[in-house]
Amino acid sequence: MIAKQTERFLPLKPQWFHILLALAGEEQHGYGIMQEVLERTMGKVRLWPATLYGSLKRMIEAGLIEESSKRPKPELDDARRRYYRLTSLGRRVLDAECERLQGLVHAIHTKRKMVTE
Amino acid sequence: MKRSQRAYERLARAFPHEFKLAHGEEMLETGEAVMGRLAKRGGWTGVARLLADAAMRLPFEYLAEMRRDLQFAMRALLKSPGFALVGILSMGLAIGLTTNVYSTNWALLTRPMRGVAHASRLVMAQKPVSYFYVERYREQKDVVAGVAAFQNAVPFNVRLPGQTDSKQQRIFGQLVSPDYFEVMGVDAERGRVLSPAMDRSGGAPAVVISDKFWRMRLGSRPDAVGLVLRINGQSVTIVGIAPRGFEGAFSVESAAELFVPVIAPASVAPELANDVLHRPNAREFLALALLAPNVTAAQAESALDGVTRRLDANDPSASPQTDKSRRVTLLPAGTRVPIPPELKQAIEGFFVVLMGIVIVIACMNLGTMLMARGANRRKEFAIRMSIGASRFRLARQLMSEGMLLSLLGGLLGFGLAYLLNVLNTQLHQAVDAPGIPDVAIDWRAAVFAFAAALVCGVALSVAPALRATKSELTPALKEGSAMQLPGHRRFGLRNLAMATQLAGSLMLLLITGFVLMGLARGYQVQTNFDPKTMAMASIDPVRDGETPEKALDLFAKLPQRLKDSNKFSRIALTTLPPFTAADEDNSEQWTVDDPRAAQKVQQPVVKESVGAGYFAALDEPLLNGREFNDADERSLMATAQGNTTRTLPVVLNETAAKKLFGNANAIGKHLKDGGVGYEVVGVVHDLRSGMGSHSAIAYVALSRDDFARPPAAGIIILTRAKTGVDGAAAIREVAYGLDPKLTPFHVETLSDQLALSRREMRSAMWNYGGIGAFGLILSAIGLAGVTAYAVAQRTREIGIRMALGAKKGQVLRLVLREGISLIAVGTLLGFAGAVLVSKALEAATSVFADALAMGTNDPRLLVGAPALLAALALLASYLPARAAVRIDPLKALRTE
Chain R
1 MIAKQTERFL
11 PLKPQWFHIL
21 LALAGEEQHG
31 YGIMQEVLER
41 TMGKVRLWPA
51 TLYGSLKRMI
61 EAGLIEESSK
71 RPKPELDDAR
81 RRYYRLTSLG
91 RRVLDAECER
101 LQGLVHAIHT
111 KRKMVTE
Chain E
1001 MKRSQRAYER
1011 LARAFPHEFK
1021 LAHGEEMLET
1031 GEAVMGRLAK
1041 RGGWTGVARL
1051 LADAAMRLPF
1061 EYLAEMRRDL
1071 QFAMRALLKS
1081 PGFALVGILS
1091 MGLAIGLTTN
1101 VYSTNWALLT
1111 RPMRGVAHAS
1121 RLVMAQKPVS
1131 YFYVERYREQ
1141 KDVVAGVAAF
1151 QNAVPFNVRL
1161 PGQTDSKQQR
1171 IFGQLVSPDY
1181 FEVMGVDAER
1191 GRVLSPAMDR
1201 SGGAPAVVIS
1211 DKFWRMRLGS
1221 RPDAVGLVLR
1231 INGQSVTIVG
1241 IAPRGFEGAF
1251 SVESAAELFV
1261 PVIAPASVAP
1271 ELANDVLHRP
1281 NAREFLALAL
1291 LAPNVTAAQA
1301 ESALDGVTRR
1311 LDANDPSASP
1321 QTDKSRRVTL
1331 LPAGTRVPIP
1341 PELKQAIEGF
1351 FVVLMGIVIV
1361 IACMNLGTML
1371 MARGANRRKE
1381 FAIRMSIGAS
1391 RFRLARQLMS
1401 EGMLLSLLGG
1411 LLGFGLAYLL
1421 NVLNTQLHQA
1431 VDAPGIPDVA
1441 IDWRAAVFAF
1451 AAALVCGVAL
1461 SVAPALRATK
1471 SELTPALKEG
1481 SAMQLPGHRR
1491 FGLRNLAMAT
1501 QLAGSLMLLL
1511 ITGFVLMGLA
1521 RGYQVQTNFD
1531 PKTMAMASID
1541 PVRDGETPEK
1551 ALDLFAKLPQ
1561 RLKDSNKFSR
1571 IALTTLPPFT
1581 AADEDNSEQW
1591 TVDDPRAAQK
1601 VQQPVVKESV
1611 GAGYFAALDE
1621 PLLNGREFND
1631 ADERSLMATA
1641 QGNTTRTLPV
1651 VLNETAAKKL
1661 FGNANAIGKH
1671 LKDGGVGYEV
1681 VGVVHDLRSG
1691 MGSHSAIAYV
1701 ALSRDDFARP
1711 PAAGIIILTR
1721 AKTGVDGAAA
1731 IREVAYGLDP
1741 KLTPFHVETL
1751 SDQLALSRRE
1761 MRSAMWNYGG
1771 IGAFGLILSA
1781 IGLAGVTAYA
1791 VAQRTREIGI
1801 RMALGAKKGQ
1811 VLRLVLREGI
1821 SLIAVGTLLG
1831 FAGAVLVSKA
1841 LEAATSVFAD
1851 ALAMGTNDPR
1861 LLVGAPALLA
1871 ALALLASYLP
1881 ARAAVRIDPL
1891 KALRTE
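Quick note, the sequences are listed as chains R and E, same order.
Mapping of the first sequence onto my numbering: position 47 corresponds to residue 47, and the numbering continues sequentially without gaps.
For any residue, its number in my numbering is found by taking its place in the second sequence, counting from 1, and adding 1000.
Just so you know, the hints here were simulated from the structure itself, not pulled from any lab data.
Treat the hints with care, since some could be wrong.
Subject to a maximum C-alpha distance of 30 Å in a straight line, what follows is the list of computed DSSO-like cross-link-like pairs (lysine-lysine) [stated by the list, open to error]:
#: 1; chain 1: E; residue 1: K1532; chain 2: R; residue 2: K57
#: 2; chain 1: E; residue 1: K1020; chain 2: R; residue 2: K13
#: 3; chain 1: E; residue 1: K1741; chain 2: E; residue 2: K1532
#: 4; chain 1: E; residue 1: K1669; chain 2: E; residue 2: K1659
#: 5; chain 1: R; residue 1: K44; chain 2: E; residue 2: K1607
#: 6; chain 1: R; residue 1: K113; chain 2: R; residue 2: K44
#: 7; chain 1: E; residue 1: K1532; chain 2: E; residue 2: K1722
#: 8; chain 1: R; residue 1: K73; chain 2: E; residue 2: K1550
#: 9; chain 1: E; residue 1: K1127; chain 2: E; residue 2: K1532
#: 10; chain 1: R; residue 1: K70; chain 2: E; residue 2: K1020
#: 11; chain 1: E; residue 1: K1550; chain 2: R; residue 2: K44
#: 12; chain 1: E; residue 1: K1607; chain 2: E; residue 2: K1550
#: 13; chain 1: E; residue 1: K1020; chain 2: E; residue 2: K1002
#: 14; chain 1: E; residue 1: K1020; chain 2: R; residue 2: K57
#: 15; chain 1: E; residue 1: K1127; chain 2: E; residue 2: K1141
#: 16; chain 1: R; residue 1: K13; chain 2: R; residue 2: K111
#: 17; chain 1: R; residue 1: K57; chain 2: E; residue 2: K1079
#: 18; chain 1: E; residue 1: K1659; chain 2: E; residue 2: K1600
#: 19; chain 1: E; residue 1: K1040; chain 2: R; residue 2: K44
#: 20; chain 1: R; residue 1: K44; chain 2: R; residue 2: K57
Note that the structure is predicted; figures quoted are calculated from it, not measured.
Based on the sequences and whatever the hints tell you, model everything.
In structure tokens, the structure reads:
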């Protein structure tokens, strides 16, 4: 049942994967997610705002992430910002996607061995 | 940078409300931050991508919202299935009916013929010309790429391979010039089509059969090409099968099953006797021209007109050169019906108006129902608004409900159109009416009707939606649906909707009623005897393989033989079944031949050839003078063919006599039709009442020509058998005794014949009556919806009145009074509209003029239709009102 629930989302859309990955650590707001993805991919992947917020909206609807009620320290806070965190489903989906990707990487390694030998 | 920032802001603000509510501010902020960083690095491509990203996401976000709206609307509709059902039904009926009527009628007029590659460039001369003229037209290479000649609705007596002579069938086809298929751009499905290279005179007689002939009569035999048919007693080889759906040019008149080349010998087609291919004045062919590339029909028309005028100069029987009117009128011929553009517009207009009314009524229905629902849901809306829903958001919700209803209605409509189409085709096949094509649903029509309904559905749900959401929150929360609406009650949207609805339905009912009543009367035939006792049979010796001389001889003997058999009380020969509607398109100009007259009297008259004793056989005593007798016939037979110096006897019907001679006695007066002189010997009642009764008919005696080359229906033997005698069998017996080759066809009684014309009537009734009945159903639905809404609004008021001591009757009167005044206004408007539209139609086209003239003065319709609708409207007001007064006043008064 749970497997089926996660299975539905795989393979994950690249933006979704990046967003889930960004939220895997701590709660973030939209702009923060964008920055983190940008840094992590060394400027290769930029989530443009409309795409980012559109994805966030859909991911909330899909139950992968949720709004968090925790706010940062008042001096760093901006009232307009919303913070997001992974739901347990989101975490499971991220895990499943990582496993899938690892499987892929493994397959690549085996192939490469066969080619070089 | 400032400008792109503003552009981004504007884009961000254009996102759907829900999206902005959740992420709007943040998206703005993030965008600004990103743009600031990009600007520092001078990243213009980045700014462009930022803007493009926003612009591209925008439609997706709206689509997503719409999907949610539709999901929600679906849930809302499921909660009130009655409302949903009525809405969907009314939309579905409108779309289904519109699509079906369009597909069967309008498409028939406008869709290109099937299997014809050159449909858009084909034109046809309106009047028949001689083959000689067609050959001259062909030489005008600068305007026409080819000109074919054909004769339409040519009867052939056909014996299929392996059948006996007595099983001969009379099948209609066309006589065509060998280049006919080439000009139209038609290729054979099997075998070959006719071609000038292969089919030369003197060669083996060839015929191309239609796909229908192959399937229905030859059972789709794979070896059909190469088979030999006996056509009019001669062997003819099938060389090819025409493509599926191809039924020849001008096929609305008669779907052609056989295409026989004009180079065939006259024994195959008696129409080809007398050297018709070479005589310049044998105007017996229709010219079908393929316009040269980039040449307009008007250019070709004036060129061919010039040619015709030059040729006519050598022909004394043509109209004189002083006559400056056009001699050639070209009609577009790529469709089944070559109709002049003006008439096409009129017919188009009729359908558009009728179907427009239907769709508008259905949409009004939907609108009023949505309005009623909106009023009942005020409380729900108030709650949603108070917790932050915008007015726009709620309006959008109602609009998507309207859209969903339209969509579902559309689906139902398609289904209905399909079903009606199947029924229609089956009906026509059962009747085996000639010229009824297998019409498929026209998808363009369906899409158009659907789109129109969708637009109407959405547009009409805007007003009620805005209205339902325009309110002070507190009273709406408190009072819910019972609150009084702001605005002018008397001229409010609701009253307007109800009155228009009633008016529209009445219009629809009246117009269809006018046409229907007119048609019904037109088909009413009053006979002076029991039509079952009249046996009719047609014979055509020439197409049974006899020579014209033998045919003349047979017809000279036939009446006497019938008399001698001593089985009949009355016998007459004729060329048309009695009581058929006169074909006014074939009328000719007759002039009164009176040298003393100050003014030339000229009138269009339809000619009908009848034999001796025709009116006696129909028990129609002449008003004046006498009818034809055997002596007339004998002297006509003795006259050499082509002799035009003789004055011939003619019997006029009452209308013709009145038109030509006014109230003066017509007997003994002289008339001229072209070069032929006539003397009036008798005047007879108009045989038909109703439609066609305005036709002036001149009955002329059957001549040598009629016998030597019987017309399409053959020569019809009318008999009234003596009691106890089977008329049909007796006719067969006499015919066989006279010549075993003769095969009587169309053997039936007059009542069968009349039933056939009633069948056409029934088909018209289906069409028009269906639309009228539809108007009724729709208005009933709409009225019920509107009144239910009205009463829902007044429940509280009614409660207060009841609590203050009003009697049930008083409250009922109050509710009904408003209904009645609306009904009165709607009825008046409907009457005015119906009269206006029918006058416009009458003026625009003669097609409906007769029917409308007959129907408009029918008291049953003029009183009945409004009374029926008013009763319906009253009932629709009464039922909810009765329900309202039964409400416990306390319940009605209770505010939550």
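Outcome of the hint check:
Restraint check for K1532(E) and K57(R): the C-alpha separation of about 80 Å exceeds 30 Å, so the hint is violated. For the given pair, K1020(E) sits about 24 Å from K13(R) by alpha-carbon distance, which is consistent with the 30 Å threshold. Only pairs whose Cα atoms come within 30 Å are accepted, and K1741(E) paired with K1532(E) is accepted, the gap being roughly 28 Å. With a C-alpha separation of about 13 Å, the suggested pairing of K1669(E) with K1659(E) holds against the 30 Å cut-off.
Taking the CA atoms of K44(R) and K1607(E), the gap is about 91 Å. The hint is violated against a cut of 30 Å. Simply put, K113(R) and K44(R) have alpha-carbon atoms about 29 Å apart, close enough for the 30 Å limit, and the pair holds. As the CA atoms of K1532(E) and K1722(E) are separated by approximately 12 Å, the hinted pair is consistent with the 30 Å bound. At roughly 119 Å between alpha-carbon atoms, K73(R) and K1550(E) are farther apart than 30 Å, so this suggested pair is violated.
Distance check on the hinted pair: K1127(E) and K1532(E) sit about 39 Å apart at the alpha-carbon level, beyond 30 Å; violated. The straight-line distance between the Cα atoms of K70(R) and K1020(E) is roughly 22 Å, inside the 30 Å bound, and the hint therefore holds. Of the supplied pair hints, the one linking K1550(E) and K44(R) is violated, its CA atoms being roughly 100 Å apart against a limit of 30 Å. Restraint check: the Cα-Cα separation between K1607(E) and K1550(E) comes to about 26 Å, which is no more than 30 Å; the hinted pair holds.
For the given pair, K1020(E) sits about 22 Å from K1002(E) by alpha-carbon distance, which is consistent with the 30 Å threshold. Of the supplied pair hints, the one linking K1020(E) and K57(R) holds, its CA atoms being roughly 11 Å apart against a limit of 30 Å. A hinted pair counts as satisfied when its Cα atoms are at most 30 Å apart, and K1127(E) with K1141(E) qualifies at roughly 21 Å. As the CA atoms of K13(R) and K111(R) are separated by approximately 25 Å, the hinted pair is consistent with the 30 Å bound.
With a C-alpha separation of about 28 Å, the suggested pairing of K57(R) with K1079(E) holds against the 30 Å cut-off. For the hint linking K1659(E) to K1600(E), the alpha-carbon distance of about 13 Å falls within 30 Å, and the restraint holds. Taking the CA atoms of K1040(E) and K44(R), the gap is about 19 Å. The hint holds against a cut of 30 Å. Distance check on the hinted pair: K44(R) and K57(R) sit about 23 Å apart at the alpha-carbon level, within 30 Å; holds.
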